[in-house]
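Chemist: Below, each chain spelled out in residue letters.
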Amino acid sequence: MSVKTPIYLDNAATTRCDPRVVEAMLPYFSEKFGNSGSRNHRFGWDAEDGIETAREQAARLIGADAKEVIFTSGATESNNLAVKGAAEIYAKAPAGQQGRGHIITCTIEHKAVLDPCKRLQREGFDVTFLDPPADGVITAEMVRAAMRPDTILVSIMWANNEIGTINEVPEIGRLCHEKGAIFHTDGTQWVGKMPTDVERDCIDLLSWSGHKMYGPKGVGALYVRRRKPRVRLAAFIDGGGQERGMRSGTQNVTGIIGFGKACELCLAEMEHDRERLLKLRRRLEDGLSGRMEVVQVNGHRDRRLPHIANISFGFVEGESLMMGIKDIACSSGSACTSASLEPSYVLKGLGVGDELAHSSLRLSFGRWTTEEEIDFAVEAITKAVEHLRKLSPLYDLYKEGVDLSTIEWQHH
Amino acid sequence: MAYSEKVVDHYQNPRNVGSFGASSDVKTRTDIGVGIVGAPECGDVMQLQLKVTAEGVIEDAKFKCFGCGSAIASSSLATEWIKGRTVDEALQIKNTQIVEELALPPVKIHCSVLAEDSIRAAIEDWKKKNGIAVAEEAHAH
Ligand SMILES: Cc1ncc(COP(=O)(O)O)c(C=O)c1O
Ligand code: FES
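Protein chains in written order, with my numbering: chain G, 1224 to 1635; chain P, 131 to 271.
FYI, nobody ran anything at the bench for these hints, they're computed from the structure.
Where hints are given, some of them may not hold.
Derived pair list, reagent style PhoX-like, types lysine-lysine, alpha-carbon separation capped at 20 Å [stated by the list, open to error]:
1. Lys192/P with Lys1613/G
2. Lys259/P with Lys157/P
3. Lys1622/G with Lys213/P
4. Lys136/P with Lys257/P
5. Lys192/P with Lys259/P
6. Lys136/P with Lys1549/G
7. Lys1622/G with Lys157/P
8. Lys181/P with Lys136/P
9. Lys181/P with Lys157/P
10. Lys213/P with Lys224/P
11. Lys136/P with Lys224/P
12. Lys1227/G with Lys1549/G
As the structure is a computational prediction, the values presented were derived from the model and not from experiment.
Based on the provided sequences and hints, a complete structural model is requested.
Modeler: Structure representation (structure tokens):
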């Protein structure tokens, strides 16, 4: 068995651009370099044709109409536009006043939703941040219990980027339609990997990103429903009126072409990719659990994306573990790996014991991950964990039968 | 972040790993001082055990560490430095010396503080067990 190192198991952070995507983009750097806003010549028409094809490819992936797709610079911008743009339009009172309306989101959203919601809170909106249960799944019942007559917007991510858990999206969407609230979902980790149909799934606003699905970085999309209900948004980038006025600025033509191609490929290969990724995830999780004790797979057992595994290895700290597996590119929820020295707020939010949050790795797979690479990872991680457990005072205490939660630690 | 060669070396070949017995046994031994600092929820726990002669010379030292690579290297280095020294000499070791030796970046300074604290805690424990007054020394972090 031979694998080329380092191996890339961080596809939830970003994916390699598919070579077919790169190829589709290339002409738009050179012979088709026009500005899609140039309405009077061939160069402009070529760029515009390319963009409209990409819009159709994007719309097809999510069961929408091309007119409902707005291109952005990525999921961060899509989330900001959706959350802040909808709040402003559907506000019950003008800026500067309190009681502008109620918004529901959850504590394990990506920062690109959390921070806009926090800003809206400061600007006079009431925001409910739902805490996830231990399995990490936000249910429609939880949202229903938080609903108020003045709830204007619900923003719950489709699947979580750290643990891969899948929230009850169609159910939450149905609830929102029943109650007359706008439903936004951050689909960055879901779309392109899993079947998506904005009609069936009752979605009003859907964000996703190119670079998480084998497309280029710096380009994403926002689906904005046009019928039943027709959703309106306040734009925050004003200018030339591109993207139906919701996002002014000359379009990132090459990026959009790549985004469209990536959407087309994801749709065509979804079933195949999904089966393969699920097999890889099981191989990794079963491999590690079979080799070592106190290995915890975080998040709901079944309601999880096929390409993300989040695993805690008791008694070893995440950064030191990553140091032992230098040939594997992955992420950790450990505080020591973050600039803020705070452990993952997502794992903490799930009530994963603090020491297990520090002990976690996120391994995520993609279109080019192989079984050999998974086997290599299982071997390397097992070796590193065993090395570190020999050094771990906590492992000793565990072996002596001491319950770690009964010890009085000397915090500093 | 890139680690210095010395950190990598201590990580791969930690010196003086271990303990002089189960935590319940060493508790009562007067020739052994135990220092445990940090907390699992902070992501770092360092345990240092010293075997000290009646004259106050550190004959042997063993560590265990749950923490990042820099924390492991800091505690491993600390055991090397204190072996053979008297307890008073060992108390002179400052975290800044560890930072310098291992070329730790600013975000990893607290890992070296942990090592200094564990030396202090282990020596205090040994002194207490032997009826020696512990100097109340304020140490700032
Ligand atoms: C769930 C989720 N939302 C939003 C983002 C941000 O996406 P982008 O990098 O396209 O702005 C990410 C990626 O980090 C993500 O995983
Ligand atoms: S122990 Fe957390 S950064 Fe060193």
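Chemist: Now tell me, hint by hint, if it's right for this structure.
Modeler: Results for each hint:
1. Between the alpha carbons of Lys192/P and Lys1613/G the distance comes to roughly 12 Å, so the proposed pair stays at or under 20 Å and holds.
2. A distance of roughly 9 Å separates the Cα atoms of Lys259/P and Lys157/P; the hinted pair therefore holds under the 20 Å criterion.
3. Between Lys1622/G and Lys213/P the alpha-carbon distance is near 28 Å, which puts this suggested pair outside the 20 Å criterion.
4. For a cut-off of 20 Å, the pair hint linking Lys136/P to Lys257/P is broken: about 32 Å separates their Cα positions.
5. For the suggested pair Lys192/P and Lys259/P, the alpha carbons sit about 18 Å apart, so the restraint of at most 20 Å is met.
6. Among the hinted pairs, Lys136/P with Lys1549/G is consistent with the structure: their alpha-carbon atoms are about 16 Å apart, no more than 20 Å.
7. Only pairs whose Cα atoms come within 20 Å are accepted, and Lys1622/G paired with Lys157/P is accepted, the gap being roughly 17 Å.
8. Between Lys181/P and Lys136/P the alpha-carbon distance is near 26 Å, which puts this suggested pair outside the 20 Å criterion.
9. In summary, the hint linking Lys181/P to Lys157/P is supported, as the alpha carbons are separated by about 12 Å, within the 20 Å threshold.
10. Taking the CA atoms of Lys213/P and Lys224/P, the gap is about 15 Å. The hint holds against a cut of 20 Å.
11. For the hint linking Lys136/P to Lys224/P, the alpha-carbon distance of about 18 Å falls within 20 Å, and the restraint holds.
12. Note on Lys1227/G and Lys1549/G: the hinted pairing holds, with a Cα-Cα distance of about 13 Å set against a maximum of 20 Å.
Of the numbered hints listed earlier, those contradicted by the structure are 3, 4 and 8.
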